[in-house]
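Asks: Residues per chain are reported as follows:
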Amino acid sequence: MAESTGAARPTRRTVLKTAAVTAGGAALAPRTAVAAGAGEVAAGPGETAVVTLSVNGKRRAVEVEPRVTLLDALRERLGLTGTKKGCDRGECGACTVLVDGERVKSCLTLAVMRQGSEITTIEGLAQGERLHPVQEAFIRHDAFQCGGCTSGQIMSAVACIDEGHAGSDQEIREWMSGNLCRCACYQNIVAAVADAAKGARS
Amino acid sequence: MKSFGYTAVRDPGEAVRLGGRPGTAFIAGGTDLLNLMKDGVTRPDRLVDVNGLELAWVTETASGLRIGGLARMRAVAGHGSVRRGWPVLAEALLASASPQVRNMASIGGNLLQRTRCGYFRDSGSPCNKRVPGSGCPAIDGWSRGHAVLGGSDACIATHPSDLAVAMVALDAVVLVRGSGGERRIPIGEFYLRPGTTPHVENVLRQGELITAVEVPRTGMARRSRYLKLRDRATFEFAVVSVAAAVELNERRVRDVRLAFGGIGTTPWRSPEAEEVLRGKDLTADTIARAGRALVRDAKPRHDNEFKVDLVQRALAELLEGLR
Numbered sequence: 001m002a003e004s005t006g007a008a009r010p011t012r013r014t015v016l017k018t019a020a021v022t023a024g025g026a027a028l029a030p031r032t033a034v035a036a037g038a039g040e041v042a043a044g045p046g047e048t049a050v051v052t053l054s055v056n057g058k059r060r061a062v063e064v065e066p067r068v069t070l071l072d073a074l075r076e077r078l079g080l081t082g083t084k085k086g087c088d089r090g091e092c093g094a095c096t097v098l099v100d101g102e103r104v105k106s107c108l109t110l111a112v113m114r115q116g117s118e119i120t121t122i123e124g125l126a127q128g129e130r131l132h133p134v135q136e137a138f139i140r141h142d143a144f145q146c147g148g149c150t151s152g153q154i155m156s157a158v159a160c161i162d163e164g165h166a167g168s169d170q171e172i173r174e175w176m177s178g179n180l181c182r183c184a185c186y187q188n189i190v191a192a193v194a195d196a197a198k199g200a201r202s
Numbered sequence: 001m002k003s004f005g006y007t008a009v010r011d012p013g014e015a016v017r018l019g020g021r022p023g024t025a026f027i028a029g030g031t032d033l034l035n036l037m038k039d040g041v042t043r044p045d046r047l048v049d050v051n052g053l054e055l056a057w058v059t060e061t062a063s064g065l066r067i068g069g070l071a072r073m074r075a076v077a078g079h080g081s082v083r084r085g086w087p088v089l090a091e092a093l094l095a096s097a098s099p100q101v102r103n104m105a106s107i108g109g110n111l112l113q114r115t116r117c118g119y120f121r122d123s124g125s126p127c128n129k130r131v132p133g134s135g136c137p138a139i140d141g142w143s144r145g146h147a148v149l150g151g152s153d154a155c156i157a158t159h160p161s162d163l164a165v166a167m168v169a170l171d172a173v174v175l176v177r178g179s180g181g182e183r184r185i186p187i188g189e190f191y192l193r194p195g196t197t198p199h200v201e202n203v204l205r206q207g208e209l210i211t212a213v214e215v216p217r218t219g220m221a222r223r224s225r226y227l228k229l230r231d232r233a234t235f236e237f238a239v240v241s242v243a244a245a246v247e248l249n250e251r252r253v254r255d256v257r258l259a260f261g262g263i264g265t266t267p268w269r270s271p272e273a274e275e276v277l278r279g280k281d282l283t284a285d286t287i288a289r290a291g292r293a294l295v296r297d298a299k300p301r302h303d304n305e306f307k308v309d310l311v312q313r314a315l316a317e318l319l320e321g322l323r
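If you read the sequences in order, they're chains A and B. Take the first sequence: its position 122, counted from the start at 1, is 122 in full-length UniProt numbering, and no numbers get skipped. Take the second sequence: its position 268, counted from the start at 1, is 268 in full-length UniProt numbering, and no numbers get skipped.
What the hints contain is simulated information worked out from the structure, not anything from laboratory work. Hints may contain errors.
What the hints assert, rightly or not - Looking from chain B toward chain A, a few residues come up when the C-beta cut is under 7 Å (computed): (1) Gly5; (2) Gly30; (3) Leu36; (4) Asp49; (5) Asn103; (6) Val173; (7) Leu175; (8) Pro216; (9) Thr218; (10) Phe237.
As the list claims (entries may be wrong) - Subject to a maximum C-alpha distance of 30 Å in a straight line, what follows is the list of computed DSS-like cross-link-like pairs (lysine-lysine): (11) B:Lys280 <-> B:Lys299; (12) A:Lys85 <-> B:Lys280; (13) B:Lys38 <-> B:Lys2; (14) B:Lys299 <-> A:Lys85; (15) A:Lys58 <-> A:Lys85.
Claimed, not checked - Computed, partial: chain A to chain B, Cβ under 10 Å: (16) Ala61; (17) Glu63; (18) Arg67; (19) Trp175.
Ideal placement from N, C-alpha and C gives every residue a C-beta, glycine not left out.
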């Protein structure tokens with residue numbers, strides 16, 4: 001599985017033909033994004049590109065400038081504010097989401113780099129009214145106080161368990177180290193991850 | 001972040017053609033570059049996204065290991081060949097960053113990450129590396145994270161990559177492709193000391209892309225380890241680190257490579273320390289002498305004198321474990 005890797009590649013590529021920014025900075029003029037099979041995703045400075053993502057199983061298109069991070073696209077364009085912006089520098093882990101099944105920090109990747117990817121956010125974990133087992137474990141173990149880091153902790157924990165890195169408390173601490181908790185609920189977070197991992201194995 | 005243009009490419013020729021234009025940067029994982037751009041430290045006009053190139057592989061050959069420039073840190077750290085034949089690489093990678101970042105960051109990008117010097121990362125401070133000629137506040141300022149070897153009057157920033165330290169200990173070769181064709185650069189010649197031009201950190205030319213890293217198969221590589229000392233248990237850059245690869249005949253050192261992080265302005269190899277050990281028994285005494293040879297030319301500043309002692313102890317700790 002780990003023998004080779006690669007970022008998800010676009011399944012559908014678009015080339016932005018035109019960009020017209022009005023002088024007063026008003027609403028951007030509508031433009032045509034042309035599907036070009038052999039073309040590449042491209043946008044000039046100040047131009048936008050249409051990025052198609054599968055977010056929590058639903059196909060979503062966002063029109064963004066290249067400088068928009070995946071985090072900002074999720075929160076500000078798609079209204080999925082469950083994913084939190086903490087440090088915006090990859091240091092706190094609050095923005096952790098799954099991209100094509102792998103946990104990433106969504107503040108450290110551009111939306112345009114994720115064309116065609118499958119994104120799972122905290123909003124996509126529950127099945128209807130039934131919470132994901134990791135969410136339930138966090139509640140059971142009181143694994144948060146202010147909640148600012150919790151979505152990132154839970155997304156990271158889902159991946160940590162899936163990767164097989166939740167075999168002991170020590171292993172959980174190491175493999176959850178990319179998620180900081182300012183309230184220092186680490187004891188309970190580790191207990192919740194261990195409990196959920198046990199459930200996943202049985 | 002300043003506005004910039006973006007192009008995703010699938011063809012290596014197009015990548016180096018587009019990348020050759022001034023003001024253009026390649027982006028792979030983006031885990032360092034985007035922070036630098038958000039902080040206004042790096043301000044490219046255009047990004048060329050190279051993730052579509054077929055460079056995310058790891059292969060073992062008769063002569064050694066070949067790692068594609070776009071292989072992710074996680075994939076290399078978990079690769080069976082790497083773990084068996086070049087353990088120092090896996091250990092250095094697993095001691096780096098966080099699981100999320102290791103899923104994202106590429107091997108080529110890791111080797112090119114920029115220093116963690118706080119003055120460099122703060123676009124409000126002078127910094128000769130960021131703005132040539134503006135001065136270096138670290139030399140007479142907060143220098144705890146800075147180098148004791150290889151510095152100049154212009155810059156004492158350390159290189160932050162653990163992987164690069166391991167690669168130096170393994171005599172790796174960096175393969176690059178640019179508009180002028182391909183070239184092979186021994187990693188010992190890849191990084192440049194700051195001298196009077198600290199903004200020039202390596203020998204890459206504009207538009208040159210790291211396509212692969214080759215790591216030779218040696219007797220030393222199988223017996224190689226990485227020790228990283230940090231201010232917290234994990235998810236932190238090195239205060240000091242040591243990569244050692246040693247081939248022993250009983251207790252006698254047939255050959256050895258020693259490289260260090262956190263103490264030098266480049267991933268720091270110490271031929272002087274290696275020379276002390278070569279042909280000798282690996283004993284507490286020879287190890288201590290090697291450590292003294294390592295720091296003979298050390299030039300500590302106000303806050304980093306402790307590194308001179310700490311790195312010798314780290315070296316001893318690691319080599320004792322390899323006896």
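Asks: Failing hints, ascending?
Replies: 3, 6, 7, 8, 9, 10, 12, 14, 16 and 17
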